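Engineer: Please construct the entire structure, taking both the sequences and the accompanying hints into account.
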Amino acid sequence: MSKPQITLYNTRASPYGHYVEIALREAKAEYTLYEVDLRNKPSWFVDKVNPAGKVPAITYGGPVVPPDEPSPASFKLAESLVILEFAIDLFPEASLLLPRDPVERASARFLVNLFAEKLRTAYFNVLVNRASTQEVITAIDELQKYMPAPGASKGPYVNGSTFTSIDAVAAGFLLRLDGCLKRDIGSFPEGEGVKAYNILHTSERYERYRAYLSALLQRESVSGTFPQEQIVAVQRAVYLPFRAPV
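Numbering follows the working numbering, with no gaps: position 17 of the sequence shown is 17.
The hints are simulated quantities; they were obtained by calculation from the structure and are not laboratory data. Don't take every hint at face value.
As the list claims (entries may be wrong) - Calculated cross-link-like contacts (lysine to any residue; reagent style SDA-like; alpha-carbon spacing at most 25 Å): (1) K145 <-> P63; (2) K145 <-> Y197; (3) K182 <-> H201; (4) K54 <-> R109; (5) K76 <-> S132; (6) K145 <-> S107; (7) K28 <-> K182; (8) K28 <-> L111; (9) K145 <-> S132.
None of these values were measured; they are calculated from a predicted model.
Structural biologist: So, in structure tokens, the structure goes:
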């Protein structure tokens, strides 16, 4: 019996779409990826996939058709955290599955939402809203207590040796934030990104962050869905115009 088709509509620059794609990779799902040009959004995407015009979005089930001709028979779903939960329900055997114990499950959901909220806020404030790069450092300070110590026996991820949806969400944002700071891409004054990057990558205070970031990058589902040069080019084009004039 053939599996229902899954089509992921995304743009690789999106942290939201990245963690959805990480989840699908972790689940070993068969899916079709369609890159949506948000600066030249096709009308069929708004009309037939997501009326809000945002990515990520998926179609599930229905006949196998070209991605730009989505079938009305397929189920359409948007909003990244909702899609993430849907993927977890579709593939209960995958490691992204939330714990079965109700208390542990609630705790994991709390951390998914905490990482998403803290990192999303820092991401857009620093890259678009001309906030200080200190906002990224503060967010990492607050989240570091959930990151394992370097070489911890329990494993390199938030829940130990098991990579979960918490780590998928963290990867989507942290890889992009770290790369933007390193390359000084954002709405902050010129040079401030590099200063923040140097703090995060040299201070003993952020050893947990560096070890966690390294562990995420070593995960195939993360690195294999993160075409860095393509993403950097988009980030330069999108976020540098928000930089405050000198």
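Engineer: Against this structure, judge whether each hint is valid.
Structural biologist: Hints versus structure:
no. : hint          : verdict
1   : K145 <-> P63  : violated (46 Å)
2   : K145 <-> Y197 : holds (19 Å)
3   : K182 <-> H201 : holds (10 Å)
4   : K54 <-> R109  : holds (24 Å)
5   : K76 <-> S132  : violated (38 Å)
6   : K145 <-> S107 : holds (15 Å)
7   : K28 <-> K182  : violated (32 Å)
8   : K28 <-> L111  : holds (24 Å)
9   : K145 <-> S132 : holds (22 Å)
When each numbered hint is compared with the structure, violations occur for hints 1, 5 and 7.
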